[in-house]
Amino acid sequence: MSAKYERVSIGVKDDGNESARAEVNGKKRIRFCIILWLIVIALLIVFAHMLNKMYSKSFNIKSSSPLRSKNTGLIKQSVLNESTYLILETSPINLRPGAHILYFGPWELEETWSIHALEAVVTSCVHHLFVERQHPESVGSFDASWKASAAAIPGSGKDLIFAWSKDSQPGNQLFRTPNGTGFTLGDQRYLRVEVHFQINRVCSDSMQQVGLHLLYSSIQDTNSKSVMKNLGIAEVAGFFPALPPRVKDATVCFRCQVEHDIEVVGFRNHGHSIATRYETFVVRNSSKLKQQVVNSPVQHRQFFQEASFSLSTSDVILLKCHYDTTKRRFSTVTGPEPKRQEMCNQYLVFYPDAVGQNWGTCSYSKTCKVK
Numbered sequence: 006m007s008a009k010y011e012r013v014s015i016g017v018k019d020d021g022n023e024s025a026r027a028e029v030n031g032k033k034r035i036r037f038c039i040i041l042w043l044i045v046i047a048l049l050i051v052f053a054h055m056l057n058k059m060y061s062k063s064f065n066i067k068s069s070s071p072l073r074s075k076n077t078g079l080i081k082q083s084v085l086n087e088s089t090y091l092i093l094e095t096s097p098i099n100l101r102p103g104a105h106i107l108y109f110g111p112w113e114l115e116e117t118w119s120i121h122a123l124e125a126v127v128t129s130c131v132h133h134l135f136v137e138r139q140h141p142e143s144v145g146s147f148d149a150s151w152k153a154s155a156a157a158i159p160g161s162g163k164d165l166i167f168a169w170s171k172d173s174q175p176g177n178q179l180f181r182t183p184n185g186t187g188f189t190l191g192d193q194r195y196l197r198v199e200v201h202f203q204i205n206r207v208c209s210d211s212m213q214q215v216g217l218h219l220l221y222s223s224i225q226d227t228n229s230k231s232v233m234k235n236l237g238i239a240e241v242a243g244f245f246p247a248l249p250p251r252v253k254d255a256t257v258c259f260r261c262q263v264e265h266d267i268e269v270v271g272f273r274n275h276g277h278s279i280a281t282r283y284e285t286f287v288v289r290n291s292s293k294l295k296q297q298v299v300n301s302p303v304q305h306r307q308f309f310q311e312a313s314f315s316l317s318t319s320d321v322i323l324l325k326c327h328y329d330t331t332k333r334r335f336s337t338v339t340g341p342e343p344k345r346q347e348m349c350n351q352y353l354v355f356y357p358d359a360v361g362q363n364w365g366t367c368s369y370s371k372t373c374k375v376k
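Under the working numbering, read the sequence shown as residues 6 to 376, first letter to last.
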């Protein structure tokens with residue numbers, strides 16, 4: 006008797022419960038993802054708030070200060086020979102390794118000042134410190150860029166009055182203005198300080214402090230305003246193409262067109278580890294007269310030095326920066342990082358400086374030859 010076999014399909018009866026459970030589980034997963042994203046966003050907001058608090062620290066100012074500000078804290082002040090000696094200090098700032106740009110101020114002065122001497126009190130953790138005058142239309146507009154403090158930018162509403170940058174000499178250098186001159190502050194010009202911290206492993210919290218010493222006198226009448234010569238600072242600087250490696254004397258040039266008659270009374274160079282020497286020439290009457298006014302090494306004298314020369318309208322300033330890239334295997338670009346990047350910066354202290362008046366305009370020049 007032969008057996009008969011039949012194919013039997015075995016399956017699970019779907020009464021709709023399994024589909025319902027899958028739909029419920031899918032909704033749970035969606036809700037979980039939404040909650041997780043909300044938690045992440047909340048944590049990011051808290052973290053951003055903490056960073057903002059950390060980076061928005063400002064100079065400590067006491068209410069009895071001649072500066073009007075919403076900031077509170079410490080200020081030291083004493084009178085020396087009918088002038089006032091003002092010390093601004095920050096508290097230790099806890100920053101992570103890397104480059105950080107911090108702004109302090111702005112402060113409104115209760116009266117008009119003439120500043121006769123400035124000194125930056127800094128540590129090895131500070132790359133540069135700029136002191137700026139800000140005009141009312143620019144207060145509150147802070148550009149968090151390392152190149153934000155270029156002096157005398159037309160329409161910027163702010164200008165540079167003092168600059169300190171990292172140099173190889175220990176200690177701090179005092180810059181005193183010539184007799185009868187000073188940097189005017191007040192009269193709707195506010196004070197602000199920019200600090201570039203370059204933090205590495207050896208920078209402890211106590212080293213992340215900066216200070217500023219100001220020696221100033223009050224200008225109370227129009228007669229003294231007319232006698233005092235108002236100083237300004239012209240910054241000759243900018244971006245330039247990458248420097249090639251293994252070159253003994255790589256050069257970069259900037260050309261500036263002078264727009265007003267001024268007297269230069271001081272200068273200061275700034276470069277990084279491979280900058281060797283800066284030369285400055287004044288070209289007059291379309292190259293008929295070329296005068297070298299500065300020829301200075303960079304590494305050991307990066308503070309303000311005395312100078313004396315005149316610039317007339319239509320004169321051209323030619324700044325020539327020299328670099329030694331023989332020990333480098335990579336190209337060097339413009340930037341604030343002192344070990345791998347370079348700058349070609351020169352600051353000229355001059356008078357007279359008028360509000361809203363630009364001393365001149367500068368740009369990179371492909372050639373260092375006089376046109």
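Rather than coming from a laboratory, the hints here were simulated on the basis of the structure.
Predicted, not measured: the structure shown is a model, and the values here were computed from it.
Just so you know, not all the hints are guaranteed correct.
Unchecked claim - Listed next, the in silico SDA-like pairs over lysine to any residue satisfying Cα-Cα at most 20 Å (straight line):
(1) Lys-234 / Gln-362
(2) Lys-332 / Lys-374
(3) Lys-344 / Val-263
(4) Lys-253 / Gln-304
(5) Lys-374 / Gln-304
Hint-by-hint comparison with the structure:
1. Annotation: proposed proximity of Lys-234 to Gln-362 holds, straight-line Cα distance about 15 Å (limit 20 Å).
2. Proposed proximity of Lys-332 and Lys-374 is contradicted: the alpha carbons are some 27 Å apart, above 20 Å.
3. At most 20 Å may separate the alpha-carbon atoms for a hinted pair to count; Lys-344 and Val-263 exceed this at roughly 33 Å.
4. With a CA separation close to 16 Å, the supplied pair Lys-253 and Gln-304 stays within the 20 Å bound.
5. At most 20 Å may separate the alpha-carbon atoms for a hinted pair to count; Lys-374 and Gln-304 exceed this at roughly 25 Å.
Hints 2, 3, 5 from the list above are not met by this structure, while the remaining hints are.
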